[in-house]
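Residue strings, one per chain:
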Amino acid sequence: MGLVKRKAIQPAEAAKPKQEQSCMGLAACLEDADPRTRRHAARDMLHSPHAVGVLASRLNREPDTAVREVILTTLVRLNDPSAAGRMADCLRSEDAALRNEVIEAIGLLACDVSDVLRSLLADPDPDIRIFAVNILDSRRQPDVESWLIEVIERDAHLNVCATAVDVLCEAGSEAAVDPLLRLKDRFRSEAFIQFAANRALKRIRGA
Amino acid sequence: MRASPPPSEPVPAITGEDFLKFKEFFYRKTGINFESAKRYFVDKRLVERIEATRTGDFRGYFTLLRFQDSGEELQQLTNLMTVNETYFLREEYQFRCLVDSILPEIVQRRTGSHPIRIWCIPSSSGEEPYSVAMYLMEMWSGISDWDVEIISSDIDTSILRRARAARYSIRSVQHVPALWLEKYFKGVANEYQLCDDLRQAVEFTRVNLSEPADTFRYRNFDVIFCRNLLIYFDDVSRKTAAETFYEALNPGGYICLGHSESMSRISPLFKVCKFPEAIVYRKGLEAR
Amino acid sequence: MKRILVIDDAATVRMYHSGILESAGYATEEAWNGIEALEKALLEPFDLYLVDVNMPKLNGYGFLRELRQQEIPQAPAIIVSTEAADHDELQAFRAGANGYLIKPVSPLQLLTHVRLMLGEAQQ
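Protein chains in written order, with the numbering used here: chain S, -14 to 192; chain E, 152 to 439; chain V, 669 to 791.
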């Protein structure tokens, strides 16, 4: 008994990544009853360039958080613009966990997601438009501010504008000052918008 | 005529609003909350980075911080804002948690007598895994009933060499109780050499946590110590690391982060667990 | 003094709600998402939880489900959401909420609900 040291990592125990397996084999594994098998399949699809469709279609049906996380990591790493639209479909899910996982993941994609964002920001459902603003918040692209300004100038819904204003506290510059003042004017009787816009103006003006 | 010295650059000023803007951003990204008492500490480091990045002023610097593609500057700044010193028994309350709470839970759920496996990553120069070994020997009654394997990994092979050599400065051992120092170390010149028994108790391996080819073999661990590493990772690497740890842990296995780190900024995969000594995280008991 | 945990990933919303509650004499703390909220609640349980739904890593429903499983003193929770559909309210109560408010919440609405949940006489 006590502290022991042996050859710590036993190759025989582990499941070697099935890089050699075809995408067809992995796709079947992605439907396996065992979540560990599904996780490994999702992980190993990193080396299958045509896997985006398979992974994206599993996403909406996958009940296990850990499997979903790996699916999303793989999709992010594959960095295929076509994935963004498929992932965005999940924003309509009743499952709050899935919605928020997807918001984060689309935010992490290095490729250009402008088309998807544009479409989401024009969605008739204000909650979808709020999620689009949340995605913008996670993006590192330099034009985030101009997108947010467009939201507060154009969007009719108070909560969508409020979400954009919160992001402008961090991402806003002088260019956002006039649009914020106009927003305050538009929602003159809404205490939360007044509060939020004043906070953003303070942060931007630095005094 | 004597040449006059070049005019020195004005030191960028950090206003109260700048501080608030930075504080909110940093809290969002890391979970670390700087109170106004820390103004001097924070301002000094912001000024240092503004100058190093040549962004001219806080506004320019913050834009870099917020929008830089690689996220490198945020990592650099986080490094500056957090204390990185390594020494024996650092954050000792977690080792107390290990022997008083975590191991008793693990042992209680055990079926079979296979070894308890602990992974310490990063190993850095070895203080942490050796601290675990020492603590188990000295403070855990179960050490006489159970085999324990300690594996410790790092991406840097030269630091692994130092870890295996196990020779330490007086600064590194300053928190080691005198009795343990005498029992497990030998004074050599003005340094301390760890005894062979403990040196041999830890298996050091080279691992790149972001590389699945490296990490897939790491399985069946009961406890992972990953302290003060993930906070310096970019978002995707952090997510990947969390998934690797999930894979590496047994159901009901525990993971300990650094004292200023939280799973709230890292991953939803682990359950928050409050023990008297510490908050740690656990893989689901029913998980595979 | 009653302690309320304000949970929302938007700093503006947290500040707005905290401000209203503090003016009314409550002590408040904030959390950015459900995981941070759980960590704070486990360290020292609160008298009431004000919970946003959509947050990264652990959302409001997930937080409530976890909270209700913990062996700590339980307290009322009010979900604050942008969604107004009936099934969302049902989901909230199923997760363990005691109240449900739609954003934007007016100070009067918020305080009325909080006082009700805390069993305090209405001012």
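Because the hints were derived from the structure by calculation, they are not lab data.
Note that the coordinates shown come from a computational prediction; the quantities given were computed from them, not determined experimentally.
Any given hint might turn out to be false.
Stated by the list, open to error - Over the 12 Å line for every Cβ pair with chain E, so calculated as not near, a few chain S residues:
#: 1; residue: Glu16
#: 2; residue: Arg43
#: 3; residue: Thr59
#: 4; residue: Gly70
#: 5; residue: Ser99
#: 6; residue: Asp100
#: 7; residue: Arg124
#: 8; residue: Pro127
#: 9; residue: Val129
#: 10; residue: Cys154
#: 11; residue: Asp170
#: 12; residue: Lys187
As the list claims (entries may be wrong) - Among the chain E residues that face chain S by a calculated CB cut under 10 Å, a handful are:
#: 13; residue: Glu300
#: 14; residue: Lys425
#: 15; residue: Glu428
#: 16; residue: Lys434
#: 17; residue: Leu436
All C-beta atoms, glycine included, are put in the ideal place defined by N, C-alpha and C.
Item checked: Structure versus earlier hints - violations, ascending order -> Structure breaks hints 3, 7, 8, 9, 10, 12, 14, 15, 17.
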